[in-house]
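Colleague: Here is what each chain is made of, one letter per residue.
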Amino acid sequence: MPYEIYGLTVYVYVGLIMLGVLFSLVRFVAGPSAPDRVVATDILTTITTVVLVVLALFFKRQIYLDVALVYAVLAFTAVVAIARFLEGGL
Amino acid sequence: MNNLILFMGFGLSLVLVVATFVVWLSKDLLVAILGSAVVSLVASIFFLILQAPDVAITEAAIGAGLTTGILLYAMKKAGRYEDD
Amino acid sequence: MIQKTIGEVFLIIGGIFMFLASLGLLRMPDVYNRMQTSTKAVTLGAMSSILGVGIIHPAWLPKCILIMLFILFTNPVSAHAIGRAAYRTGVKLWKGSVCDKYGSCMEDEDE
Amino acid sequence: MIRKIIAFLVVFYFGYILYSFIAVNFPFGERPLKGVAAHYVDKGIEEEGATNIVTSIVTLYRGFDTLGEVTVLFLAATGLGLLLAGMKEEEKEKPEPTLIMETTTRYLFPLVLLFGTYIFIHGHLTPGGGFPAGVVIATGYFMMFIAQKQFKPSEYLLSATESFAGTLYVIMGLLGLALAFSFLANVMPLGVPNTVFSAGIIPVIYIIIGFKVGSEMTGILAHLKEA
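Residue numbers (my numbering), protein chains in the order written: chain A, 12 to 101; chain B, 51 to 134; chain C, 4 to 114; chain D, -8 to 218.
Same shape as in the complex, but just chain A:
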C-alpha cells in the first residue's frame, strides 16, 4: 500500500470531516432558500480542498497537491457567480 497509518488520530480526523460533510449535505438538501444551499456548497468546496490535501498525505504524492490548488484558486468563482445571478447583475 502506498500510504501508511498515522495512528488513531487520522481515523478521528476523517470521522470528523465526514460528519462535517454529512451535516453540510443535510443543509444542502433541506435548506429553505437558495442562499442556504449556496452557503452549504461553499463549505463543501472548502472541505473538498482539505480532503484533496489529506488524500495527497495518505498517498504520499506531492503532485496531488496541484488538484487542491486548482480548487483553492478557482472555487470561489462559482459562488460569486451564483450570488451575482441572485442579485440580478450577471
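Each hint should be verified, as a subset may be incorrect.
[What the hints assert, rightly or not] DSS-like mimics (lysine-lysine), calculated; alpha carbons at most 27 Å apart, straight line:
no.	chain 1	residue 1	chain 2	residue 2
1	D	Lys25	B	Lys126
2	B	Lys77	C	Lys95
3	D	Lys143	D	Lys83
4	B	Lys127	D	Lys85
[As the list claims (entries may be wrong)] Just the calculated beta-carbon pair ranges, DEER-fashion:
no.	chain 1	residue 1	chain 2	residue 2	range
5	C	Arg91	D	Lys79	21 to 27 Å
6	D	Gly59	B	Asp78	33 to 39 Å
7	D	Thr69	C	Leu64	43 to 49 Å
8	B	Glu132	D	Pro86	24 to 30 Å
9	B	Gly59	D	Lys79	44 to 50 Å
[Stated by the list, open to error] Here chain A is said to cover these stretches of chain B; the calculated rule only asks that three of the stretch's residues, wherever they fall, bring their Cβ under 8 Å from a Cβ of chain A:
no.	segment
10	64 to 78
11	88 to 101
12	109 to 122
Calculated directly from the structure, the hints in this document are not laboratory data.
Each residue gets a CB set at the ideal place from its N, CA and C atoms; glycine is no exception.
Based on the hints, put chains B, C and D in the right spot on chain A.
Modeller: Same frame as chain A, now just chains B, C and D:
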C-alpha cells in the same frame, strides 16, 4: 490502510447520490446547478482516490467555475423555474 | 517524531473546527448566521489542517502555504457575495436579530 | 409519477450493474498489464521522455485523437458564436459589483493566469496539461466578467489566437510527417527525463493546446455574456 479510504468512499458516494437526486427532483434550476457543482466536487475526489490525477485536475478545473458559469448564462436566458 | 505529533495536533484542531462549522451550518437560525461558519470557522479549520499536512512533510510546506493563502484570500469574498445577494433578494433576518446596519445603510442610499 | 418510478428503476438497475462490475474488479492495479498498456508503461519514458506517461499517450501515441477533440471544441465554439450572433441583450439597470469583489478579482487575475501557465508548462512532469490549463485561464476571464464593471477582451485577438494555435498544431504534426514519416512524431530531442526541457514536442503541443482551449472557452463565455 485500505478501510480508511473505503470509509471515506462510502461517505462521499452518499453525497454523490443525494446531490444527484437533488439535481433530478428540484424544480428550481438554480438548485440543480448547485447540485451539479457538488457532484463535480465529489467526482474529483473519487478520481484522485482511483489514482487518476490527470482526470481529477481536469474535472476540478471544469467543475470549479466554467460549467456553473455556462449553465448560469444559459439559465438567465431560459428562465429559472421549471414548469410542469 | 515530535514533528509528526505537532502535525497531527494541527490536523485534529482543523478537523474539530470544520466539524463545529458544519454543526453551526446545521443549527444556526438564518442565512446570515450560517454564513459566519463558512467565513470564519471553516477557513480556520482548513488552514489548520493544511498547515498540519505541511508540518508532517516539510518538503510540501511551500505549496501548502500557497493553498492556505489562496483559501484565506478567496473565502471571505464568496461569503461577502452570498450575504449581499441574500439581503438583496429579500431573505428575512432571524427574529432575534438586534441590529441591521446594512438595511439602514441602503435606506440612506435610496433617499 | 409512473414515469419517475420507471426512471428510478432504470437508474437503480444501471447503478447495480456498475456496482457489480466494481465489486468484481475492485483490486485494481494488482493484475499484470497486457498488450499495449504494458508497452506504454514499460517503454514510455525511454521512447518519449515524459515522466507523466498519460501525457505521452494523449499527445503522441494517441495524438491524432487529441487533434480530433480540439477540432470538436473548435466546431462547438464556432457553432455557438453563429447561433448567438446578432442576439443583443436589452439595456437595463444592473446592480454593480462591490469594491471588495472588484479589488480581489483584479489582484487575483494575474495569479490565475500564472497558475494556468504553470499547469501547461509542467504538463509532462505533473498532472495537468493543455486542456485543464486552458480551462483555468478561461475561468480567470469568467471571474473578471462577473466581478468587474468594464471588462471586455478583444474579440479579434481571441479568434486570432485560436486560429493561430490551431494552425500551429497541424504544422507540428506535418513537421513530424516530413522529418520522421509519421504524423505528430516526436522530432525534437528528448532531453533528460524529470526536467522541464524534456519530452520533445510534448511541452510545445501543450502550450499550443493551452492557448487554443483558453481562447475558445473565453470566446464562448464572452458570446454568452453578450447574448
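Colleague: Decide, hint by hint, whether the structure agrees.
Modeller: Okay, the hints, checked on the actual structure:
Among the hinted pairs, D/Lys25 with B/Lys126 is inconsistent with the structure: their alpha-carbon atoms are about 50 Å apart, more than 27 Å. Using a Cα cut-off of 27 Å, the hinted pair B/Lys77 and C/Lys95 holds, with the two alpha carbons roughly 22 Å apart. For a cut-off of 27 Å, the pair hint linking D/Lys143 to D/Lys83 stands: about 18 Å separates their Cα positions. A threshold of 27 Å between alpha carbons decides the hint, and for B/Lys127 with D/Lys85 the separation of about 16 Å falls inside it, so the pair holds.
Judged by the Cβ atoms, the range 21 to 27 Å given for C/Arg91 and D/Lys79 holds: they are separated by roughly 26 Å. Under the hint 33 to 39 Å, the C-beta atoms of D/Gly59 and B/Asp78, about 38 Å apart, fit the expected range. Between D/Thr69 and C/Leu64, the C-beta spacing of about 46 Å keeps the proposed range 43 to 49 Å intact. A beta carbon spacing of about 26 Å between B/Glu132 and D/Pro86 agrees with the range 24 to 30 Å that was offered as a hint.
For the pair B/Gly59 and D/Lys79, the beta carbons lie near 49 Å from each other, so the given range of 44 to 50 Å is met. As drawn, the segment 64 to 78 of chain B meets chain A at 6 residues by the rule of a beta-carbon pair under 8 Å; at three or more, the given contact holds. Only residues whose beta carbon comes within less than 8 Å of a beta carbon in chain A count, and the segment 88 to 101 of chain B has 8; three or more means the coverage holds. Only residues whose C-beta sits within less than 8 Å of a C-beta in chain A count toward coverage, and the segment 109 to 122 of chain B has 7 of them, enough to reach three; the restraint holds.
Checked against the numbered hints given earlier, the structure breaks only hint 1 and satisfies all the rest.
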